[in-house]
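Chemist: Sequence:
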Amino acid sequence: IHGGQAVFSRIEHEDTRLERKLIQTVKRFDFVLTMGTVTKDYLRARGIRVPIHPVCVGLVNPVASTQCVLKKYDLISVARLEPVKRLDLLIDIMCVVVQSLPNARMAIVGDGIQKSYLESYVRSLGLEDNVEFLGWQKDPVSLLPTAKVFALTSQWEGLPIAAVEAMSVGVPCVLPNVGDTSDLVEHGATGWFWNPENKFACAEAVIGILGDEGKVRSVSIAAREHSQKYALPACRERWRVLAEPVDAAFS
10 IHGGQAVFSR IEHEDTRLER KLIQTVKRFD FVLTMGTVTK DYLRARGIRV PIHPVCVGLV
70 NPVASTQCVL KKYDLISVAR LEPVKRLDLL IDIMCVVVQS LPNARMAIVG DGIQKSYLES
130 YVRSLGLEDN VEFLGWQKDP VSLLPTAKVF ALTSQWEGLP IAAVEAMSVG VPCVLPNVGD
190 TSDLVEHGAT GWFWNPENKF ACAEAVIGIL GDEGKVRSVS IAAREHSQKY ALPACRERWR
250 VLAEPVDAAF S
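Take the sequence shown: its position 79, counted from the start at 1, is 88 in our numbering, and no numbers get skipped.
Treat the hints loosely; a few may be bogus.
Claimed, not checked - EDC-like, lysine to aspartate or glutamate: derived pairs with alpha carbons at most 16 Å apart:
{"hint": "1", "residue 1": "Lys224", "residue 2": "Glu195"}
{"hint": "2", "residue 1": "Lys124", "residue 2": "Glu91"}
{"hint": "3", "residue 1": "Lys238", "residue 2": "Asp192"}
In short, the hints are calculated from the structure, not lab data.
In this text, all values refer to a predicted model and were calculated from it rather than measured experimentally.
Whole structure, please, built from the sequences with the hints as guidance.
Modeler: Set out below in structure tokens:
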């Protein structure tokens, strides 16, 4: 199940009535494709018995090595500037980080309805030299290697494409354990989980991560390797296997 942003970005709170209708509709499907295994488990727990196949849509292409790219930022986030992304929490975390690392820098890539609010919030905290808003970018992937760590503080996610793209260029992620993010991150191995509501614990984690270059390097390598399961060649093969019964039925 892959919901369009035009519908689901407007739903700020759980809607049990809508959920029931969606489940009733899905029960009539012949099979279901999801982006991740957590979504599959969610559907199974709600009585969906048709075949469910977690399969992505080829999110990333294999890329050349980016190890020599200058690290301009300590943290980077690519997200819509909307309430559900909770970028105010990310700014709060950065505010604590700079108390220990005054030269730490973070880039926020994206646009949205909270742009003016977030920029004003950064100014109110005196973080203008630490937080840079880069706006909407046609090719945000090219900016990812300029940071040491990718961060999200979303209230909810599916399988975040920007995180997969970051991993594909060797930038490890710190993510909230929501939606299908557990398919991407094994804590301490291919990335890290955090609870964005606890800004002090998150800041302590970031300071520890940034201070351990060897660990960042090993997690970066593991993250990049793990991301290849979402690369076009791997996804093309999974789609081919799924399509074989359909091709046979019409041949």
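Chemist: Tell me the numbers of any earlier hints that the structure contravenes, in ascending order.
Modeler: none
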